[in-house]
Structures are given as C-alpha cells and as structure tokens.
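**Q** Here are the chains, one letter per residue:
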Amino acid sequence: GLPREHHESYHHYMWSNFFKHVDIQPQNVHILNGNAENLVEECDQYEKEITKAGGIELFVGGIGPDGHVAFNEPGSSLVSRTRVKTLAHDTIIANARFFDNDLTQVPKQALTVGVGTVMDAREVMILITGAHKAPALYKAIEEGVNHMWTVSAFQQHPRTLMICDEDATLELKVKT
Amino acid sequence: MVNMKNSTTTSGNGPIVKFHNCLILRNHELINDELWISGSNIIDPESLFYNEKILPDQVVDCKGAIISPGFIDVQLNGGFGVDFSYDVDTVNVGIMTVAKGILAHGVTSFCPTLVSSHPHVYTKVLPHLKRCVGGKHGAEVLGAHVEGPFINPEKKGAHDQATMQTFKNGMESIREVYQHIDSICMITLAPELPNAIKVCIELNEIGVIVSVGHSMANIAQGELAVNNGASFITHLFNAMLPFHHRDPGLVGLLGSENLPPGKIIYYGIIADGNHTHPSTTRIAYRSYPKGIVLVTDACSAMGLSNGVYHIGQQVIEVTGTKAFVQGTNTLAGSVATMVSCIQYFWATTKCTLVEALEAATLHPATLLKIEKHKGTLAFGSDADFVFLKPNTLDVISTWIGGQCVYQNDKFDELITTSENCSVSKKKSSNS
Chain A
715 GLPREHHESY HHYMWSNFFK HVDIQPQNVH ILNGNAENLV EECDQYEKEI
765 TKAGGIELFV GGIGPDGHVA FNEPGSSLVS RTRVKTLAHD TIIANARFFD
815 NDLTQVPKQA LTVGVGTVMD AREVMILITG AHKAPALYKA IEEGVNHMWT
865 VSAFQQHPRT LMICDEDATL ELKVKT
Chain B
172 MVNMKNSTTT SGNGPIVKFH NCLILRNHEL INDELWISGS NIIDPESLFY
222 NEKILPDQVV DCKGAIISPG FIDVQLNGGF GVDFSYDVDT VNVGIMTVAK
272 GILAHGVTSF CPTLVSSHPH VYTKVLPHLK RCVGGKHGAE VLGAHVEGPF
322 INPEKKGAHD QATMQTFKNG MESIREVYQH IDSICMITLA PELPNAIKVC
372 IELNEIGVIV SVGHSMANIA QGELAVNNGA SFITHLFNAM LPFHHRDPGL
422 VGLLGSENLP PGKIIYYGII ADGNHTHPST TRIAYRSYPK GIVLVTDACS
472 AMGLSNGVYH IGQQVIEVTG TKAFVQGTNT LAGSVATMVS CIQYFWATTK
522 CTLVEALEAA TLHPATLLKI EKHKGTLAFG SDADFVFLKP NTLDVISTWI
572 GGQCVYQNDK FDELITTSEN CSVSKKKSSN S
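Sequence order for the protein chains is A and B. As numbered in our numbering, the first sequence has no gaps in its residue numbers, which increase by one up to the final residue, 890. As numbered in our numbering, the second sequence has no gaps in its residue numbers, which increase by one up to the final residue, 602.
Hint data in this document are derived by calculation from the structure and do not stem from the laboratory. Owing to the predicted nature of the structure, the values given are computational and were not obtained by experimental measurement. All residues carry an ideal CB built from backbone N, CA and C; glycine is no exception. Treat the hints with care, since some could be wrong.
[What the hints assert, rightly or not] Calculated cross-link-like contacts (lysine-lysine; reagent style DSSO-like; alpha-carbon spacing at most 30 Å):
1. 540(B) - 234(B)
2. 326(B) - 189(B)
3. 224(B) - 734(A)
4. 301(B) - 461(B)
5. 766(A) - 271(B)
6. 271(B) - 734(A)
7. 560(B) - 734(A)
[Claimed, not checked] Over 12 Å on every C-beta distance to chain B, these chain A residues come out as not near it, computed from the model:
8. 725
9. 726
10. 730
11. 738
12. 740
13. 764
14. 774
15. 780
16. 811
17. 815
18. 872
19. 875
20. 878
21. 884
Modelling step: build the complete structure from the supplied sequences, incorporating the hints.
**A** Here it is as structure tokens:
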C-alpha cells in the first residue's frame, strides 16, 4: 500500500484537508491502514470498531463518474462490508493525475467501506459537483437501484441527502 | 509574554508547541500554515497526530507574523563595543556580549570573524570562538571565520600588513599560525599565493570551509581554487580586482563555466548601501541569484552610536551609517545589522521576500554544510526561527531551540499564547 507519508495517501489527504483545521482528538480518528499485515483482518476489525463506537452517525461521501461511492466500483454487492476492493480501470485512469500520469504508480486495490456499511449509517450525505458527474447523478436517483451504479442504493436509505451544484443536475429529467 | 512550560510528553523531547496564524517559509514559499515544535526541533504534526496521537501542550497565535528560519551571519567581527581581534584578553566576555546582542537582529547562528592578526592573537582567542550552542544567553557560535592572515597585501583593505603570512610550509603554516584549527569554521585566503591550492585541498579534507578574498587573483586562479575546494567569495567586489571585461577576476566566478558541475559558488554581499553600489548588487544578484549570501561584516561599532573604536590593530571612526579607517576613505567594516541588510537587499533588488530571506538563511546554511539542521523550517531541523512583521520585516521575536530568546517590547501584543486545554493530555502537563 501507499506509505502513510506519501503525499497521495488518504492519511495525508485527511490531515491536510480536514483534521489539521478542526479540533478533533487523534484517538477518535480511524483510517483504514493499507499497510496492515493482514488486510482482511484490518477490514473486519474496522467493522468491529464502527460497532464499538456506536455506529456511523453521518456518512459523508462523493460519487465517481461511474456512480461508485467510496471505492464500491460498478459490480459491487449492495450488501458489501468493509473489504479489499480491486479498482476499476476507469478509476485508475481518473487518479493517474495524482501520480504524475504514470498508470503503473497508481494503486490497483483499495480498502473501502462497503455499500452495506454505509446503509447502516443513520444519515447519509453525498456531495456531487460538476458536469462530469451529471450522468452518474441521473443514474443514481432517476433510475433503479442497481449494483452497477452503487450510489443508487441510498434511494432505499431512510435519510439520504444529496448535495449538488447546477452543473451536476444537467442530466436530470425531472426539472427542479 | 511567551511562557514555555517544561512539561514532558510521550515523545520525550520537551513541550509540543503549535504556532498558527502565521506565514512560514517552507519549500521556497511563504505559506499560511502551522509550525510545530517539540522541544528543540521542528516536527511534522501529521506524524505526531497519527503515530503518537497527541495534541500540542501550547498553542501560540502569531497574529499574522512571518516566521523565517533564524538568520545566519558568517562574517561578523564584533559589535556593541567588542572587537574579537582586538579585545583579546576579554574575548570570553566579548563573544557572549555579541552573541546576545545580535538576537535582536534575528541572528540565531554566526561565525565570529577575526581579521588578519599576529599568531599570539589566534592562540589566545580561537579557543573561545569554537562551536557553542545558542539559547537565552545568545546566538549559536558555528566556529570562527578567520579572514586572513594568508591574504594578498595588495588587497589588505583595513587589515594590518604586518600580520600577513604566506604558505611557505603549506598546511603546516596554517597550523603554526592558528594553532587551534578545531575552532575554525571558515578561512578566507588569497588563492594566488604560492601553495594556496594545496592548502585549499587539505582544508577541504578536514571540513574547513574555504573562501577566496583579499586577493589579486584573476579568474583562472579563482576557478582553480573553486575546483579544489573553495566555495565562497568573501565580500564580493571589496578587496579584490575590479571587474574587467577581459579578465573579470574573482567577480567573474559568477559567470564561470569552468566550475565543478552542479557546484554553487556562494558570494558574500554586505548589503548596507555603503560597501557596494545598489546597481552593482543588482548586477551580481541577477547574474547568479542562487549564490547570494548576505553578511554584515559588522565591526565593533555596530550597535553603538557615533564615535571612535578599534578593529584589529586599526582605529575606526563612525559617523552615521558608515565606518572608515580613521583619516582615510577606506571602509573599515559595516555597522549594519543582519535584518537591515535583508530589508535593504529586498528593497534594492526587488527580489521576492522568499529570496531575500533565503539569502540570509538557506544559502549560508548550505555554504556551511549545515542545511540539514539550520537555515530552514524543515521537519527535523533545529527550532531556530525569527518572527518578523510583514511588510517591514522588523524583528518581533527570536527563537533558538524552541525557546524565545528575544522579544521586542514594541510588539508585545502581537503574539498570544495559551495552554492547550486538550482533554487527552496528562493532567501533569499543568505545573
């Protein structure tokens, strides 16, 4: 996995963009460790930690151009839990820009919470901006729940909030 | 006032302090970011957060101040009435007086400089000028800069001709004259003297920084020295052949293509408005910006008002911002402070603020090969830094090893500090 100190690691991203700006206690931060000796155990343990903490109160996420949430790529089980996921080729290409456009440098797998894990959260908030996300948003909320556009699963969550900008709504049929 | 409590932390290195609301010089940029220190080092807060899971003991609100690495002065002959080369019997007191006085100018490390002197002076004085850590008592001493006596009498400047030496016994002459070589950080010599090149090589081998200056060398002789270990030009333009379009002399090293690939030749500039015409400074800087090192070359009169003082064996008269060898038009040394040199240099060359600050921090540190610990705010460096007022660059406070060692009373209200009320910290962190 990417070293924690790598400038494209999730640890670094979360520190630079969030943790250093708020007064969170370090003990309350739980990020999946891609360098754990036993990745399956790491994922299982993560699920246990979520339960121990009382469950997820609010899940905040984005959406990929292919409709994925977290790294639950098209084809993921809608009842999946935290696990090791092989990344879709599109995702690897989309992320190449963070690795000097060298495809060989982009990680091919990721640890991710599952769709099922997120469905257990009490509230779900998805942020979607930009015209390039418009087709995905359309598929997510105006077509059926299906495992090829995993974010569509949240149609069945009691408290989902999708926040988007004008451009992201360009493909929606129902005028708002 | 800033109050540093001595609580221990799990990292075992002293209190963890977070400075925020400041502009810090990092990776050649001034960025709005935090500076974290643990004990006497600058640390990576991300690593602390994830690995040790602790929060700072203290948080300092810098109210928009600029935090620069502490300034490094590699040429300083004295100040505040002290002359390292002349006040031989009281040098132990003198070095402390100067080290303390320059904290107010943002200098956190320096090389006390001796002008050309008789051997008995070196024997007596050098032991007191060896490396010494800084702190509340004063700036860190990096070792002595011996400017002479192995120089060319035709370019003696304010030095006493009677003290001048040659390398008749090569490296042995160095040992005979100076005795305490281990106190020496840098030596200025004239590379055209017989045996000088051999001596350059040997000095380089024992880790002494070699500078060329007070010399009649042509460019070829200068290049030979740089190819054999010399890495600095002492006060460019002063005490060397003037630039000539067919043989540019030592000044020509700034445009030389006969230097070892990738090697930077550093050059000292006394940016006090007196030693070099502003146009000259601009031409030199623009032709070779990565080599510029700001030095004060300050003499004993620095920090004092108009009067008559001593430098080496000579008598100096100070009027206003200039110091002359009494009765002549020869400049004796400057009375400039390091921060005023940076301010003047920044205004005169219109370089970026980062470039002006690096000329007094990163560049001298790299010249002295100490850039891993000094001259930057990189993680792991010594926590030597200075708070400056944006726009004017006035010194607000100076810090060495994470301790505030100087605070300008005029700017008292600009920094506030608070004990961190983190619940996760051990209660014992409050004394």
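**Q** If a hint holds in the structure, say so; if it doesn't, say that too.
**A** Hints, verified against the model:
1. 540(B) - 234(B): Between residue 540(B) and residue 234(B) the Cα gap is close to 33 Å, so the pair fails against 30 Å, i.e. violated.
2. 326(B) - 189(B): violated, 50 Å
3. 224(B) - 734(A): holds, 13 Å
4. 301(B) - 461(B): Measuring from Cα to Cα gives roughly 29 Å; hence the hint holds.
5. 766(A) - 271(B): violated, 57 Å
6. 271(B) - 734(A): Roughly 36 Å between the alpha carbons, so the hint for residue 271(B) and residue 734(A) is violated.
7. 560(B) - 734(A): The given pair, whose Cα atoms are some 25 Å apart, holds under the 30 Å limit.
8. 725: Its Cβ does come within 12 Å of chain B, the nearest being 6 Å, so this is violated.
9. 726: violated, 7 Å
10. 730: violated, 8 Å
11. 738: violated, 9 Å
12. 740: Residue 740(A) is in fact no farther than 12 Å from some Cβ atom of chain B, at 4 Å.
13. 764: holds, 19 Å
14. 774: At about 20 Å from chain B, residue 774(A) clears the 12 Å cut-off, so the statement holds.
15. 780: The claim stands: residue 780(A) keeps its Cβ more than 12 Å from every Cβ of chain B (closest is about 31 Å).
16. 811: holds, 21 Å
17. 815: holds, 22 Å
18. 872: Check passes; 34 Å lies beyond 12 Å.
19. 875: The assertion about residue 875(A) holds, with a minimum of 29 Å to chain B.
20. 878: holds, 30 Å
21. 884: Check passes; 35 Å lies beyond 12 Å.
Going down the numbered hints, you'll see the structure goes against 1, 2, 5, 6, 8, 9, 10, 11, 12, while the others check out.
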